[in-house]
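*Asks:* Got chain A; can you put chains B and C on it based on the hints?
Protein chains in written order, with my numbering: chain A, 1 to 160; chain B, 161 to 551; chain C, 552 to 731.
Some hints here could point you the wrong way.
Said to hold, decoys possible - List time: in silico DMTMM-like cross-link candidates among lysine to aspartate or glutamate, alpha-carbon distance up to 20 Å: (1) B:Lys162 x A:Glu126; (2) C:Lys606 x C:Glu650; (3) B:Lys162 x B:Glu425; (4) B:Lys536 x B:Asp380; (5) A:Lys81 x B:Glu371; (6) B:Lys536 x B:Glu503; (7) C:Lys593 x C:Asp553; (8) C:Lys593 x C:Glu610; (9) B:Lys162 x C:Glu724; (10) B:Lys536 x B:Glu371; (11) B:Lys162 x B:Asp527; (12) C:Lys593 x C:Glu608; (13) B:Lys461 x B:Glu342; (14) A:Lys156 x A:Asp110; (15) B:Lys461 x A:Asp110; (16) A:Lys81 x B:Glu503; (17) B:Lys235 x C:Asp585; (18) C:Lys606 x C:Asp645.
In short, the hints are calculated from the structure, not lab data.
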Amino acid sequence: MTAALGNVASLAARAGGSVVRQVRSALDPSSARPAGAAQPASGWLVVTVFREPSEIDTAKPPLAEFGEQIEIRVRPAADGKGTEVAARRRDRQSSGTAASRLSGSDPQADLRSALRRAKQLIEVGEVLAVDPAPHGERTPTPGGTLLEMWTRVAPKAGVR
Amino acid sequence: MKAVTWRGVNEIGVEDVPEPTILNSHDVIVEVGLSATCGSDLHLMGGYIPAMRAGDVLGHEFMGTVAEVGSGVTKHRVGDRVVVVSFIGCGQCWYCRQGLWSLCDNGNPNPGITEALWGQSIGGCYGYSHALGGWAGSHARYIRVPYADQGAFAIPDGVSDDRALFASDAAPTGWTGAHQAEVRPGDVVAVWGAGGVGQMAARAAMIMGAERVVVIDRYDNRLEQVRTHIGAETLDYEEVNVPAELREMTGGRGPDVCIEAVGMEAHHPGPQYLYDQVKQQMRLQTDRPTAVREAIYACRKGGTVFTLGVFAGLVDKFPLGAVMNKALTLRGAQQHGHRYIPEILDLMGRDEVRTEHLATHVMPLDDGPEGYRMFKEKEDGCVRAVFRPGG
Amino acid sequence: MDLTATTTVRRPVGEVYAFWRLLENLPTFMEHLDEVRTTDAKSSTWVASAPFDRKVEWEAVLIEDVVDERIGWRSAEEADVPNQGTVSFVLAPDGVSTEVHVHLAYEIGAGKLGKAVAKYFGEEPHQQLDDDLRRLKQVLETGEVVRSDGAPWGKRARKEFPQRPAQPLTADERREVLGV
Numbered sequence: 001m002t003a004a005l006g007n008v009a010s011l012a013a014r015a016g017g018s019v020v021r022q023v024r025s026a027l028d029p030s031s032a033r034p035a036g037a038a039q040p041a042s043g044w045l046v047v048t049v050f051r052e053p054s055e056i057d058t059a060k061p062p063l064a065e066f067g068e069q070i071e072i073r074v075r076p077a078a079d080g081k082g083t084e085v086a087a088r089r090r091d092r093q094s095s096g097t098a099a100s101r102l103s104g105s106d107p108q109a110d111l112r113s114a115l116r117r118a119k120q121l122i123e124v125g126e127v128l129a130v131d132p133a134p135h136g137e138r139t140p141t142p143g144g145t146l147l148e149m150w151t152r153v154a155p156k157a158g159v160r
Numbered sequence: 161m162k163a164v165t166w167r168g169v170n171e172i173g174v175e176d177v178p179e180p181t182i183l184n185s186h187d188v189i190v191e192v193g194l195s196a197t198c199g200s201d202l203h204l205m206g207g208y209i210p211a212m213r214a215g216d217v218l219g220h221e222f223m224g225t226v227a228e229v230g231s232g233v234t235k236h237r238v239g240d241r242v243v244v245v246s247f248i249g250c251g252q253c254w255y256c257r258q259g260l261w262s263l264c265d266n267g268n269p270n271p272g273i274t275e276a277l278w279g280q281s282i283g284g285c286y287g288y289s290h291a292l293g294g295w296a297g298s299h300a301r302y303i304r305v306p307y308a309d310q311g312a313f314a315i316p317d318g319v320s321d322d323r324a325l326f327a328s329d330a331a332p333t334g335w336t337g338a339h340q341a342e343v344r345p346g347d348v349v350a351v352w353g354a355g356g357v358g359q360m361a362a363r364a365a366m367i368m369g370a371e372r373v374v375v376i377d378r379y380d381n382r383l384e385q386v387r388t389h390i391g392a393e394t395l396d397y398e399e400v401n402v403p404a405e406l407r408e409m410t411g412g413r414g415p416d417v418c419i420e421a422v423g424m425e426a427h428h429p430g431p432q433y434l435y436d437q438v439k440q441q442m443r444l445q446t447d448r449p450t451a452v453r454e455a456i457y458a459c460r461k462g463g464t465v466f467t468l469g470v471f472a473g474l475v476d477k478f479p480l481g482a483v484m485n486k487a488l489t490l491r492g493a494q495q496h497g498h499r500y501i502p503e504i505l506d507l508m509g510r511d512e513v514r515t516e517h518l519a520t521h522v523m524p525l526d527d528g529p530e531g532y533r534m535f536k537e538k539e540d541g542c543v544r545a546v547f548r549p550g551g
Numbered sequence: 552m553d554l555t556a557t558t559t560v561r562r563p564v565g566e567v568y569a570f571w572r573l574l575e576n577l578p579t580f581m582e583h584l585d586e587v588r589t590t591d592a593k594s595s596t597w598v599a600s601a602p603f604d605r606k607v608e609w610e611a612v613l614i615e616d617v618v619d620e621r622i623g624w625r626s627a628e629e630a631d632v633p634n635q636g637t638v639s640f641v642l643a644p645d646g647v648s649t650e651v652h653v654h655l656a657y658e659i660g661a662g663k664l665g666k667a668v669a670k671y672f673g674e675e676p677h678q679q680l681d682d683d684l685r686r687l688k689q690v691l692e693t694g695e696v697v698r699s700d701g702a703p704w705g706k707r708a709r710k711e712f713p714q715r716p717a718q719p720l721t722a723d724e725r726r727e728v729l730g731v
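Okay, chain A solo, but in the shape it has when bound (with noise of 0.2 Å):
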């Protein structure tokens, strides 16, 4: 696994990120469609989390941080898989092209990120901190200022 992930980031450092996005287009249909990004008509993002419903505390941060902006949506999922919490924007901005969102440029990343980290702290109790890369001293190239950029923004970015 570790090798195929490692040649997938390097290709991708050493192609520009181009590579990335044809990864993409080939698994992922819906980014080849000109009609926006890969989110659903309705905007809500959505996680399932390994919680009762009575567990699920949406009134404290990271999401209260959002306030009015955003509204939320508590169910239980199927077959005790958990509990689904999604949340939208009132003002249903969408999360732009592929490209810009792998660019960092997505109206919808923080409140992407905030789910994300929601459901570690109710799951986990805390949210998973990772160490700054790369680890050492090391010379810089354009591949790698690449790579910090992508795993810069990868927290926020994704589908959801």
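*Replies:* What follows is chains B and C alone, placed relative to chain A:
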């Protein structure tokens, strides 16, 4: 007798052929009451399945009345109203005994062709090329049914002909998909394709206890049938982004089970459709797998993707990385109908499975070429053209 | 010429052995054999059809017979095409099926008949033996050789494609295939 035959690529004819006779002691001859076109016939028409000969009688989904009985047959008598499973299984080999009837060792007298293609041969199927045995199909007044004690099922009195017809292929194929994909109570199931097989896979998933079932297609009339007659939810892939909608419907997880009921001539609105079509026409790949790709992409981690649509050979740009990294289970099958048909007929008798809406266009054998054309073009809301050889 | 082939039959070892041991059964699945007559405990007469409606006949001797395990035979000394064969029966890993392993050896001489026989066996003698074993499996599992409309003669590798159209047989074709 009159029969609808394959004459060449995209050429369907009506011709006079001899009436069938008993060749093996386990045969019966059935006078065909109704015989349906099937989406998989379109692959034969288009020349995507090799090993067809001009003059092959088409048709593998049918019901009728027993007209003659071989000396080794114990279950059936002349006059019985029966539906016959489209795959031919002997009931005696290891595979049939495991319930994997479409993999029968003995039902295909031409195993060399599929062994060369796939490494192993599978069972036979009526009217479905010499690679699957060279069995004459059901678009004719009479058809010979081998291993009749295994393959023919008496239709309960309360079940009409036009309902029982689809217990031959569409319904048991749907049941095969849902059962072999191991749909469990509480699962969310997505089905690509709202044709007869997709609708039946959705119904099977509901009966097996799925919490939500979503069917994906682009034809309004078919999606309307899904909502009205099947009771499942629908998505129009020309209107919405399917993986995104499925994610939203499943709390970001993706469906537990994704059933692909489209097959090797899949349609898709993105540029990859054109790419796949060109490659297929140039014979650089044999099958267009756009729905399978989307199913793999949409499926939840650790979920199951089932290919129920017919594929023949090779596909391109297969997202194996997603299969591996998301720990998916990928399965497929032709139908193991023998094990599901008794239950399906019972459910049909209790009105829990309805299929007669699929037969949108019923016509005599003489209209065979026109029926296939309408079915292929999906003209006039055609879901299935059905022939009534008795006129 | 050495040939080997194998198949798995879902029948008990004893039944498969007994079927083969009754040598009269061999023509039911061996395409080129017309008849086998047992003459005494060890000897039998084998009749095969040859090209141009000719018949070839030879005497065979049982050289090995281990109940439920193995049968071996060879042609008597005066045969035109000296041959010998062994068939072994092995319980399959599933505990109910039988693996059938066949080994045949023919000495195809330089004589006229030897050449004719070699030609008769065709380009793919192994394929023919393989077909024989498929028919054995069909006969033992289902009681008969399966005949489709496109292949009414049953499994026969050289006739898999092209074959006759998948439509019912005419009366003439039926007579030719079934003899009735």
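*Asks:* Give a verdict on every hint.
*Replies:* Against the structure, the hints:
| no. | hint | verdict |
| --- | --- | --- |
| 1 | B:Lys162 x A:Glu126 | violated (74 Å) |
| 2 | C:Lys606 x C:Glu650 | violated (32 Å) |
| 3 | B:Lys162 x B:Glu425 | violated (30 Å) |
| 4 | B:Lys536 x B:Asp380 | holds (16 Å) |
| 5 | A:Lys81 x B:Glu371 | holds (12 Å) |
| 6 | B:Lys536 x B:Glu503 | violated (31 Å) |
| 7 | C:Lys593 x C:Asp553 | violated (24 Å) |
| 8 | C:Lys593 x C:Glu610 | holds (10 Å) |
| 9 | B:Lys162 x C:Glu724 | holds (19 Å) |
| 10 | B:Lys536 x B:Glu371 | violated (33 Å) |
| 11 | B:Lys162 x B:Asp527 | holds (11 Å) |
| 12 | C:Lys593 x C:Glu608 | holds (17 Å) |
| 13 | B:Lys461 x B:Glu342 | holds (15 Å) |
| 14 | A:Lys156 x A:Asp110 | holds (6 Å) |
| 15 | B:Lys461 x A:Asp110 | violated (24 Å) |
| 16 | A:Lys81 x B:Glu503 | violated (30 Å) |
| 17 | B:Lys235 x C:Asp585 | violated (34 Å) |
| 18 | C:Lys606 x C:Asp645 | violated (42 Å) |
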